[in-house]
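Colleague: Just so you know, the protein sequences line up as chains X and P, in that order. Numbering-wise (this note's numbering), the first sequence opens with residue 1 and increments by one. Numbering-wise (this note's numbering), the second sequence opens with residue 1001 and increments by one.
Everything labelled a hint here was simulated from the structure, so no lab data went into it. By construction, the Cβ of each residue, glycine as well, lies at the ideal position given by its N, Cα and C atoms. A couple of the hints might just be wrong.
[As the list claims (entries may be wrong)] Cβ-Cβ distance ranges computed for the label pairs, FRET-style: (1) X:55 - P:1001: 21 to 31 Å; (2) X:22 - P:1037: 39 to 49 Å; (3) P:1048 - X:54: 19 to 29 Å; (4) P:1005 - X:71: 28 to 38 Å; (5) X:71 - P:1072: 11 to 21 Å.
[Claimed, not checked] From the structure, some residues in chain P lie toward chain X, with a derived Cβ separation under 10 Å: (6) 1003; (7) 1017; (8) 1019; (9) 1032; (10) 1042; (11) 1047; (12) 1054; (13) 1058; (14) 1060; (15) 1070; (16) 1073; (17) 1092.
[Said to hold, decoys possible] Which bits of chain P does chain X cover? Going by a derived footprint, with three or more residues having C-beta under 8 Å, they are: (18) 1004-1014; (19) 1020-1026; (20) 1062-1068; (21) 1076-1086.
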Amino acid sequence: MMYLPIIAALLATLALALARAFAGPTVFDRVLAVNTVGTGAMLLLAVLQFLTDRPGYTDLAIVYGLLNLVGTIAILKFLRVGDLGHGGDDGKEARR
Amino acid sequence: MSAQDWIATLLVSAGGVFCVIGAVGLIRMPTFFTRMHAASVIETLGAGLVIAGLMVKAGLSLESGKLAILGLLIFFASPAATHALAKAAWERRREVGRDVGIPPGEDS
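Turn these sequences into a full structure, and let the hints guide you.
Modeller: What follows is the structure in structure tokens.
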């Protein structure tokens, strides 16, 4: 079966990224690790469709990718500005 | 196995190898920006090769089109997220005055 090695590789990727998310020292490392986990989960869903022969997993992967992008940008904006409803001025004036 | 299956297996396996290489780099690299460099391997070569292999396996069908949409999403969205992350970390680095992501006591 050709799908079991790629599933094992993707699970190893997810485990290592999760270890970095737990370990690592700044909040940006955690955001990077969560972003990597999102990409790995998208690939895992795409492979899972071919393993189980059930349609619909690729749609889940697309929705997961869109939510992953929105979540990452929202967390980063909250880190820089401290307020998700803040607009304009690129966030630089709000912190200083 | 047909030639199509062999090509698909080769592409998907190469993508899996690049995914594991990127994840090992994510663990082993010393500072934050080098870790981001390693993680970008997963989103470009790893995801691209895995999705290309699955598209070869699917052939010309609806599944192949959906996989193409997924590949385009990763191709455009992950550089945007990576750029936002790098800019946020760079602004924080300018505020703190030293590189982010180094454990305390190891910076010189």
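Colleague: Look at each hint and say if it fits the structure.
Modeller: Outcome of the hint check:
no. : hint                      : verdict
1   : X:55 - P:1001: 21 to 31 Å : holds, 23 Å
2   : X:22 - P:1037: 39 to 49 Å : violated, 21 Å
3   : P:1048 - X:54: 19 to 29 Å : holds, 25 Å
4   : P:1005 - X:71: 28 to 38 Å : holds, 36 Å
5   : X:71 - P:1072: 11 to 21 Å : holds, 20 Å
6   : 1003                      : violated, 14 Å
7   : 1017                      : holds, 7 Å
8   : 1019                      : holds, 4 Å
9   : 1032                      : holds, 6 Å
10  : 1042                      : holds, 6 Å
11  : 1047                      : holds, 6 Å
12  : 1054                      : holds, 6 Å
13  : 1058                      : holds, 8 Å
14  : 1060                      : violated, 15 Å
15  : 1070                      : holds, 5 Å
16  : 1073                      : holds, 5 Å
17  : 1092                      : holds, 7 Å
18  : 1004-1014                 : holds (count 5)
19  : 1020-1026                 : holds (count 5)
20  : 1062-1068                 : holds (count 3)
21  : 1076-1086                 : holds (count 7)
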